[in-house]
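*Asks:* Please arrange chain S on chain B, whose structure you already have, making use of the hints.
Protein chains: 2
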Amino acid sequence: MSLTTVICVLWAVSVGQTAGSQHGTNIIIMLMDDMGWGDLGVFGEPSKETPNLDLMAAQGMLFPNFYTANPLCSPSRAALLTGRLPVRNGFYTTNAHARNAYTPQEIVGGISPDEILLPELLKKKDYVSKIIGKWHLGHRTQYLPLKHGFDEWFGSPNCHFGPYNNSVCPNIPVYNNSEMKGRYYEEFEINVKTGESNLTQIYLKEGLDFISQQAVAQRPFFLYWAPDATHAPVYASKRFLGKSQRGRYGDAMMELDDSIGQILAHLVSLGIHNKTLVFFTSDNGAAVMSGPLQSGSNGPFLCGKETTFEGGMREPAIAWWPGRIPAGTACRIKNRKGEESREECWGMRLGWRRVVCQVSGQCQSSAEWHKQVSYQLGSVMDLFTTSLSVAGVLPPDDRVIDGLDLSPVLFNNSLLDRPIFYYRGNQLMAVRIGQYKAHYWTWSNSWEEFNKGINFCPGQEVPGVTTHTQEEHTMQPLIFHLGQDPGERYPISVESKEYRDVLRRVTAVVEQHQKDLIPGMPQLNMCDLAVMNWSPPGCEQLGKCLKAPESNPWKCDWPH
Amino acid sequence: MSLTTVICVLWAVSVGQTAGSQHGTNIIIMLMDDMGWGDLGVFGEPSKETPNLDLMAAQGMLFPNFYTANPLCSPSRAALLTGRLPVRNGFYTTNAHARNAYTPQEIVGGISPDEILLPELLKKKDYVSKIIGKWHLGHRTQYLPLKHGFDEWFGSPNCHFGPYNNSVCPNIPVYNNSEMKGRYYEEFEINVKTGESNLTQIYLKEGLDFISQQAVAQRPFFLYWAPDATHAPVYASKRFLGKSQRGRYGDAMMELDDSIGQILAHLVSLGIHNKTLVFFTSDNGAAVMSGPLQSGSNGPFLCGKETTFEGGMREPAIAWWPGRIPAGTACRIKNRKGEESREECWGMRLGWRRVVCQVSGQCQSSAEWHKQVSYQLGSVMDLFTTSLSVAGVLPPDDRVIDGLDLSPVLFNNSLLDRPIFYYRGNQLMAVRIGQYKAHYWTWSNSWEEFNKGINFCPGQEVPGVTTHTQEEHTMQPLIFHLGQDPGERYPISVESKEYRDVLRRVTAVVEQHQKDLIPGMPQLNMCDLAVMNWSPPGCEQLGKCLKAPESNPWKCDWPH
Chain B
1 MSLTTVICVL WAVSVGQTAG SQHGTNIIIM LMDDMGWGDL GVFGEPSKET
51 PNLDLMAAQG MLFPNFYTAN PLCSPSRAAL LTGRLPVRNG FYTTNAHARN
101 AYTPQEIVGG ISPDEILLPE LLKKKDYVSK IIGKWHLGHR TQYLPLKHGF
151 DEWFGSPNCH FGPYNNSVCP NIPVYNNSEM KGRYYEEFEI NVKTGESNLT
201 QIYLKEGLDF ISQQAVAQRP FFLYWAPDAT HAPVYASKRF LGKSQRGRYG
251 DAMMELDDSI GQILAHLVSL GIHNKTLVFF TSDNGAAVMS GPLQSGSNGP
301 FLCGKETTFE GGMREPAIAW WPGRIPAGTA CRIKNRKGEE SREECWGMRL
351 GWRRVVCQVS GQCQSSAEWH KQVSYQLGSV MDLFTTSLSV AGVLPPDDRV
401 IDGLDLSPVL FNNSLLDRPI FYYRGNQLMA VRIGQYKAHY WTWSNSWEEF
451 NKGINFCPGQ EVPGVTTHTQ EEHTMQPLIF HLGQDPGERY PISVESKEYR
501 DVLRRVTAVV EQHQKDLIPG MPQLNMCDLA VMNWSPPGCE QLGKCLKAPE
551 SNPWKCDWPH
Chain S
1 MSLTTVICVL WAVSVGQTAG SQHGTNIIIM LMDDMGWGDL GVFGEPSKET
51 PNLDLMAAQG MLFPNFYTAN PLCSPSRAAL LTGRLPVRNG FYTTNAHARN
101 AYTPQEIVGG ISPDEILLPE LLKKKDYVSK IIGKWHLGHR TQYLPLKHGF
151 DEWFGSPNCH FGPYNNSVCP NIPVYNNSEM KGRYYEEFEI NVKTGESNLT
201 QIYLKEGLDF ISQQAVAQRP FFLYWAPDAT HAPVYASKRF LGKSQRGRYG
251 DAMMELDDSI GQILAHLVSL GIHNKTLVFF TSDNGAAVMS GPLQSGSNGP
301 FLCGKETTFE GGMREPAIAW WPGRIPAGTA CRIKNRKGEE SREECWGMRL
351 GWRRVVCQVS GQCQSSAEWH KQVSYQLGSV MDLFTTSLSV AGVLPPDDRV
401 IDGLDLSPVL FNNSLLDRPI FYYRGNQLMA VRIGQYKAHY WTWSNSWEEF
451 NKGINFCPGQ EVPGVTTHTQ EEHTMQPLIF HLGQDPGERY PISVESKEYR
501 DVLRRVTAVV EQHQKDLIPG MPQLNMCDLA VMNWSPPGCE QLGKCLKAPE
551 SNPWKCDWPH
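Protein sequence lines correspond, in order, to chains B and S. Here the first sequence is numbered in the UniProt record's numbering, starting from 1 and rising by one per residue. Here the second sequence is numbered in the UniProt record's numbering, starting from 1 and rising by one per residue.
This is chain B alone, in the form it adopts within the complex (with noise of 0.2 Å):
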């Protein structure tokens, strides 16, 4: 197919649809990893490199108030997958207090068998799943995706930390559906040294050959795309390297951004981007602990990956549905008799309601600009509410499901009230309420750590906010308004009236949450080298199975 053809495809589309369930309709999220707020130039990144993931901002629907469950990856993904907060599904440990845990190499734990999965339920209506990149739901053969709905897999199940020597630690496997078919750092090249490596690329044509053959075969299917280039240490393939005036980390986003474009482009050559729900967010905010080179950022938002602020938990967030989300340029134009239509046009947008549109070289008043970003606070969790929603799958009726439906929001801009939680390990740190945020809780990490110079908030220390201690204000919590005050620095006076009408309204919402709270049974209690990845399935036709030492399981250690 040629470009050409893509576009005309694209803009001829009829974009008059009504709302409703949308039976078939393909359904594909892209997870970015420690990607920041701060890192799309829709959002202010000084370099301005991502021109795809800013058309799809033009063409969809973007969402500067969007968040992670966690603010970190494996709880994040496992909450994505299962609509349900951590302290639900068991992502989170209780080995001390407050602390973010995930899924290293020695977990003993992983994800639930009691815990139902987006892909589980998509299986009602005939999907087929697939999910490329980072798992971290668990490692070990019975946490694998191939068990818990998806039905292909091509990625790794841990970070791509290393190169190990196979001796103490072995090389993460990379997976393609049930057996491992290489390691990273041995078949799968990742140079450190040089931040080179073509893994963008591989699950990028992975990304694309399954669109294509479940195009050909008729089928509906949830992509779930999860590339992890922009996790330290950041790679690039070599087309890339150098490329972005932001270094290595910038490198990698445009790798991303111009994959992310190929796949969009893709999904109109073949027609099937009008019954496809693409939606683009990341796992946590960016670790800037890791330093310029290996870490994004986070634009005006406090600290980042690790903590319960801005920082950490708020996320890049676009919705792309040609036909069903209306592009921003997209006019809503009555005729004579008062019927409705929707036309791309361009024109000049005065204040969000007047508008003049241009279309098909005539000029129309009466039309009303589609306003293209949404306040809606939004969660990482409304994915599988959403995603069930668009293929007509009812959710679990056994269980708290924490993810809302967005389909009003996406299909007419309706914003629904709702809170944010956010939690280190099973403490609720923090409450967002509209715009205002009550922080329960406050640390960024231990003294300890911070002197020996891991920082989770570089540059950024607000006193008694950004706290090295573990700092309990439960009983007058620090409050915050995030339209005003973005960056968490001018707590709210708890003499004023305002603090005490947000106070009355963020404890009903907090002690209706605990009330009907359930804790999971956590599961990232244990870790034991002799679980780590020594000889997963499919090594002995490789040759590459490792001898696992005996095992000696002891209670993780989480410091931060």
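Simulated from the structure, these hints should not be mistaken for lab results. Don't take each hint at face value.
Which copy? The list can't say, so a pair holds if one copy fits it or any two copies do.
List of simulated lysine to any residue pairs, SDA-like, C-alpha gap at most 25 Å [as the list claims (entries may be wrong)]:
| hint | residue 1 | residue 2 |
| --- | --- | --- |
| 1 | K452 | G464 |
| 2 | K147 | N176 |
| 3 | K452 | T467 |
| 4 | K497 | Q484 |
| 5 | K452 | P463 |
| 6 | K193 | R500 |
| 7 | K238 | E498 |
| 8 | K243 | I420 |
As the structure is a prediction and not an experimental result, all values here were calculated from the model.
*Replies:* Relative to chain B, chain S alone:
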């Protein structure tokens, strides 16, 4: 006129003009007051409440690397209108080392009669020039705008501080041309408690009327539109108060954004948009020391107003000239004969270079997307030189002009190599070349001020960088890579080859600069209560003349 007309005219415009000076081109410079880089939706403000500025950027050219010439209002404005660094044009102090100075009421000095201002030069081509809003180049009679080339003025010589009781200190006068029409807080109300003031609406009406008059008279004009609603105490008119998600500052932003949309639409409605260059920027970084309700956002940058960190001097900037500066949605298309034309179109951009456009309902390949973002290092002083170039006037040849002619950037996407100098008083604090910035001196403000709660970097402390004593680094400057580290948090290791290479290059630039530098006579050294706005011209008719105290000049105290 109807809004429909507006847009029809706009988008029917031919966009295939050639480069070169545009005699008779109107020039509008919109200079905001204390507005920060991060205050625009297009630069990542999370509330995204500047739809008109964002659209202006989409229709024009956005500059993420644009700078003021000084982190304080008066010197910045003097630099804009003279095209010269404050250290040359005299808008600095030598009373103490590395101090910011401006024109409070007690200042004796003002813009030197030896300086040649932009409107004086534009007279050579019969331009009519008007300033609306804040002047700030001296309030004594000899310094006022109509003595320095402007034909008209509506606004005020100083900041709208107050209210004063007119005994110890007079309220600031508001002028219409060369006579005062009242004073702030008296005839021109600002309610400091509620934040209500109608001033932006007055400035808007003045601007629209001036544009209409010149359009009817068919005279080329220069409009210097300098509203001050975003300077503390920030204000907005009733229609906008309480409307923003960001509080009072956001209300002021929304009103300015709305006004700018109205001015652009007015140009279109008059059919003069295609011969009017509009440039939008701000005089210095957001005044973050004023707290969240009274100040804006510097996005990812360090500190704010008063400092030579990026937050103090990097400015939002947009150039707009339909037909001459192609919109981001314009395509450069070659036909079979290789002839080039530009067309408004809409399509998908894949990476920077590959693009497919739909033009007049037909798809075109081999088109090139216009890059709507320019990485040019720009300066407010360039507005002087560029305006002259566009008007076909030669700049003065008897003095150093620091401003560049940005025409090649605006019309041909060129990149001009040039340094940015960061001064505080007559001390060169830092220099940017390419992506690198070298700090020769650092300080934010004194411990004494800081301990009183005056904080130029709230929530931001970079040890050894945001110092509270004046730290000299002339032998070994602190060097940052602003692409990789826009927040100036990670100095490049002095042991690295990169450091040595940059140091060599930047040293050559600094030596050249300092060798040629002849500082102007400092204008901001002396203060005197007798020179305050006691009896501005026109006070007699209004019965508003006040009695000045006896002259008792002193060396002004500039604390930071």
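*Asks:* Evaluate each hint against the coordinates.
*Replies:* Here is how each hint holds up against the structure:
In this assembly of identical chains, the alpha carbons of K452 and G464 lie at most 25 Å apart whether taken from the same copy (21 Å) or from different copies (18 Å). Within a single copy, K147 and N176 get their C-alpha atoms as close as 14 Å, which meets the 25 Å cut-off; across copies the closest is 78 Å, which misses it. For the homomeric pair K452 and T467, the shortest alpha-carbon distances inside one copy (16 Å) and between copies (22 Å) are both at most 25 Å. When the C-alpha separation of K497 and Q484 is checked against a cutoff of 25 Å, the pair qualifies only within one copy, where the shortest distance is 17 Å, while the shortest distance between copies is 43 Å.
In the homo-oligomer, the alpha carbons of K452 and P463 lie at most 25 Å apart both inside one protomer (20 Å) and across protomers (15 Å), since each shortest distance falls under that limit. In the homo-oligomer, the alpha carbons of K193 and R500 lie at most 25 Å apart only across protomers (21 Å), although the nearest pairing inside one protomer, at 54 Å, exceeds that limit. When the C-alpha separation of K238 and E498 is checked against a cutoff of 25 Å, the pair qualifies only between copies, where the shortest distance is 22 Å, while the shortest distance within a copy is 54 Å. Taking the closest pair of Cα atoms, K243 and I420 come within 25 Å of each other only across two copies (24 Å); inside a single copy the shortest separation is 38 Å, beyond that limit.
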